[in-house]
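Colleague: Chain residues, written in single-letter form:
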Amino acid sequence: MPVQETRLIFKHIDAAGYTNDLDCYLRHGGYEILRKAVQQKPEELCEEVMKSGVRGRGGAGFPCGMKWKFLDRKSGKPIYLICNADESEPGTFKDRQIIHKDPHQLIEGILISCYAIQAKTAFIYIRGEFPEGARILERAIEEARSKNLCGDNILGSGYSVEIFVHRGAGAYICGEETGLIESLEGKRPYPRIKPPFFPAVLGLYQCPTAVNNVETLCHVKHVIDMGGEEYAKIGTPGNSGTRILCVSGHVQKPGYYEFACGDLTLGQLIHDVCGGLRPGRSLKAVIPGGSSAKILRAGERYTGKLKDGSSFDWGLEDIPMDFDSLMAVGSMAGSGGVIVMDDSTDMVEALANINAFYAHESCGQCTPCREGSLWMKKITTRMSHGQARQEDVDLLGNVADQIAGRTICAFGEACSWPTQSFVLKFRDEFLNKARAQAGAASTNGNGAVPLI
Amino acid sequence: MNLKPETLAKIEAVIPRYPVKRSAALPLLHLVQEDAGYIADEAVEWIAAKLDLQPINIYELVTFYPMFRRKPGGRRIIKVCRTLSCALAGSYKTAEAFKAAFNCGLDETSPDGEVTIEFVECLASCGTAPVVMIDETLHEKVDGERARALAVEIRQAGGPASAPTA
Ligand SMILES: Cc1cc2nc3c(=O)[nH]c(=O)nc-3n(C[C@H](O)[C@H](O)[C@H](O)COP(=O)(O)O)c2cc1C
Ligand code: SF4
Ligand code: FES
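Order-wise, the sequence lines are chains A and B. Under the numbering used here, the first residue of the first sequence carries the number 1, and numbering increases by one thereafter. Under the numbering used here, the first residue of the second sequence carries the number 1, and numbering increases by one thereafter.
Mixed in with the good hints there might be a few duds.
List time: in silico DSS-like cross-link candidates among lysine-lysine, alpha-carbon distance up to 27 Å [as the list claims (entries may be wrong)]:
1. Lys-50(B) - Lys-378(A)
2. Lys-120(A) - Lys-10(B)
3. Lys-253(A) - Lys-141(B)
4. Lys-187(A) - Lys-50(B)
5. Lys-21(B) - Lys-253(A)
6. Lys-71(B) - Lys-120(A)
7. Lys-36(A) - Lys-253(A)
8. Lys-101(A) - Lys-99(B)
9. Lys-187(A) - Lys-141(B)
10. Lys-99(B) - Lys-187(A)
11. Lys-194(A) - Lys-21(B)
12. Lys-187(A) - Lys-93(B)
13. Lys-11(A) - Lys-71(B)
14. Lys-10(B) - Lys-378(A)
15. Lys-21(B) - Lys-77(A)
16. Lys-147(A) - Lys-50(B)
What the hints contain is simulated information worked out from the structure, not anything from laboratory work. Small disclaimer: the values here were computed from a predicted structure and weren't measured.
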């Protein structure tokens with residue numbers, strides 16, 4: 001049965017004749033929802049977001065309404081909104097599309113969100129490698145200002161708000177919300193320890209701050225448009241709304257696709273939506289939610305009970321692509337980046353590639369993360385280059401197991417999950433590598449490309 | 001410091017955006033690097049003074065954030081994504097092709113000063129892997145053959161680096 005995309009956020013992305021300027025956006029009903037929103041009470045908007053159940057699309061999947069509720073409104077300090085446009089979790093490329101092709105949707109989402117939480121200033125923190133995206137957003141903000149949609153007394157509502165674009169400079173850790181805040185304050189992006197530095201209480205300039213992903217803020221616009229209850233009817237309970245999935249790796253049609261949460265399984269995504277694998281190849285493994293999500297191995301079976309008490313018995317291809325199901329099989333939906341690997345992939349090299357990323361990106365504050373990510377990289381790179389030892393397999397597991405839970409930020413978990421899951425699930429391949437090498441330069445057979 | 005008047009104007013415009021001056025550190029570093037091509041010691045001191053900071057407060061940024069360079073690069077900067085999705089699509093071979101075409105290694109500037117070639121981490125365009133950024137322009141599906149073609153284009157373009165696409 002073919003599955004239908006439900007395009008809410010990506011409704012106009014890649015549509016013929018749709019351009020990223022204000023006129024085009026207005027022709028498609030743009031800023032009407034903002035117009036309605038500023039006539040309502042901010043608390044009512046927050047209530048709708050709460051009812052919608054919309055969960056954060058940046059990685060952690062935390063309910064947006066709840067996050068906003070935690071904002072410390074009693075402090076009397078200004079409240080800030082930060083749009084996290086750092087998009088740097090490997091395998092993720094959805095925010096780029098929104099920024100480049102429909103920037104006003106994001107700006108409208110930000111303005112509505114600012115009004116809802118009564119923020120007077122919003123910053124869009126955009127990764128440094130999106131220079132074009134930063135220019136597009138700057139222009140969109142100017143266009144919005146020229147129509148009194150942004151700036152002083154917007155649409156005669158008495159409410160004023162400014163949005164600024166702030167560029168990062170190539171460091172992944174700026175995606176972590178407290179690292180981002182430090183970076184925005186002009187410092188090294190060293191994540192802050194929580195407690196006490198929860199952004200909702202002690203965020204930017206020690207003021208209450210909401211940090212939300214680009215896609216999340218776009219969802220807010222649709223929540224306010226439809227009403228929270230109506231929005232919650234899309235998807236499944238606890239996994240409301242649509243989800244953008246970014247598929248890369250060994251499929252025929254990689255790309256970005258938007259579905260109602262839980263509407264399709266991983267198998268449908270790979271075979272029906274993405275045209276299956278390359279000819280003559282079979283599925284080996286999938287990383288379902290950005291590079292830090294634990295890997296899933298083809299042929300595995302997953303059994304257990306879901307939150308609602310129902311039991312499940314799934315193969316890899318049966319897993320519904322929603323937050324709770326992916327959590328139930330021991331991985332995560334994360335940022336929506338699905339990386340597919342076929343049987344040509346050397347898993348030791350693939351892990352070495354991921355480990356090189358984390359070793360490069362650790363901010364270095366915490367010893368377990370800094371040293372652990374470095375050694376996991378060194379060991380897997382050495383194994384890839386002809387010097388694998390049997391005992392490396394357990395050594396890797398040992399190093400990885402000593403990071404999670406002992407660090408300031410969730411990067412610690414993020415960098416240990418790939419090693420933990422690869423070594424557990426592909427133990428045979430890691431051991432075979434060591435056995436087979438005995439002096440050979442590389443066992444990456446099948447004419448595959450080098451990964452490290 | 002010998003910055004262009006446009007750069008100085010942009011610097012003056014960006015500082016008041018922030019309630020705390022120090023927040024303008026990254027924007028100023030970007031502006032100076034766009035103007036001068038890299039961040040010299042003199043620039044570190046100049047930016048620090050501009051924001052009422054100590055030079056160490058700026059120095060610790062240029063030594064942390066990968067996008068800032070401490071010395072001049074080639075006329076074009078080629079950034080090849082090496083992270084998993086691009087690697088699965090052959091980005092290590094793409095890098096080899098650029099290295100061979102310009103006769104230099106990674107993190108090096110070619111002998112003719114034409115390019116600096118670097119590996120970078122995921123550029124958030126994994127669906128069109130392997131991807132490469134040349135200055136500010138993203139190039140998609142750059143396999144070895146496409147890399148060689150781009151190298152020819154770069155050589156033919158000669159002259160000053162092309163302006164980033166609008
Ligand atoms: C190491 C690390 C990197 C992250 N990178 C990003 C990122 O690139 N973009 C993003 O939106 N969130 C990222 N996050 C999640 C943010 O910390 C934060 O949870 C998110 O921006 C909140 O927005 P949301 O609730 O709308 O998802 C990252 C988290 C960690 C621990
Ligand atoms: S866990 Fe890693 S990235 Fe996070 S603060 Fe510690 S050293 Fe930095
Ligand atoms: S891995 Fe290269 S763009 Fe994401």
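Colleague: Run every hint past the structure and note whether it holds.
Modeller: Each hint tested on the structure:
1. Lys-50(B) - Lys-378(A): Violated. Lys-50(B) to Lys-378(A) sits at ~42 Å, over the 27 Å cutoff.
2. Lys-120(A) - Lys-10(B): This hinted pair holds, its Cα atoms lying about 23 Å apart.
3. Lys-253(A) - Lys-141(B): holds (13 Å)
4. Lys-187(A) - Lys-50(B): holds (16 Å)
5. Lys-21(B) - Lys-253(A): violated (47 Å)
6. Lys-71(B) - Lys-120(A): Distance of about 40 Å is beyond 27 Å: violated.
7. Lys-36(A) - Lys-253(A): violated (40 Å)
8. Lys-101(A) - Lys-99(B): Status violated; Cα separation ~33 Å.
9. Lys-187(A) - Lys-141(B): Violated, because 35 Å separates the two Cα atoms, which is more than 27 Å.
10. Lys-99(B) - Lys-187(A): violated (35 Å)
11. Lys-194(A) - Lys-21(B): Holds, at about 26 Å.
12. Lys-187(A) - Lys-93(B): Since the Cα atoms of Lys-187(A) and Lys-93(B) sit roughly 36 Å apart, the hinted pair is violated (cutoff 27 Å).
13. Lys-11(A) - Lys-71(B): Violated, at roughly 45 Å.
14. Lys-10(B) - Lys-378(A): With a Cα-Cα distance of about 43 Å, the restraint between Lys-10(B) and Lys-378(A) is violated, given a limit of 27 Å.
15. Lys-21(B) - Lys-77(A): holds (19 Å)
16. Lys-147(A) - Lys-50(B): Between Lys-147(A) and Lys-50(B) the Cα gap is close to 34 Å, so the pair fails against 27 Å, i.e. violated.
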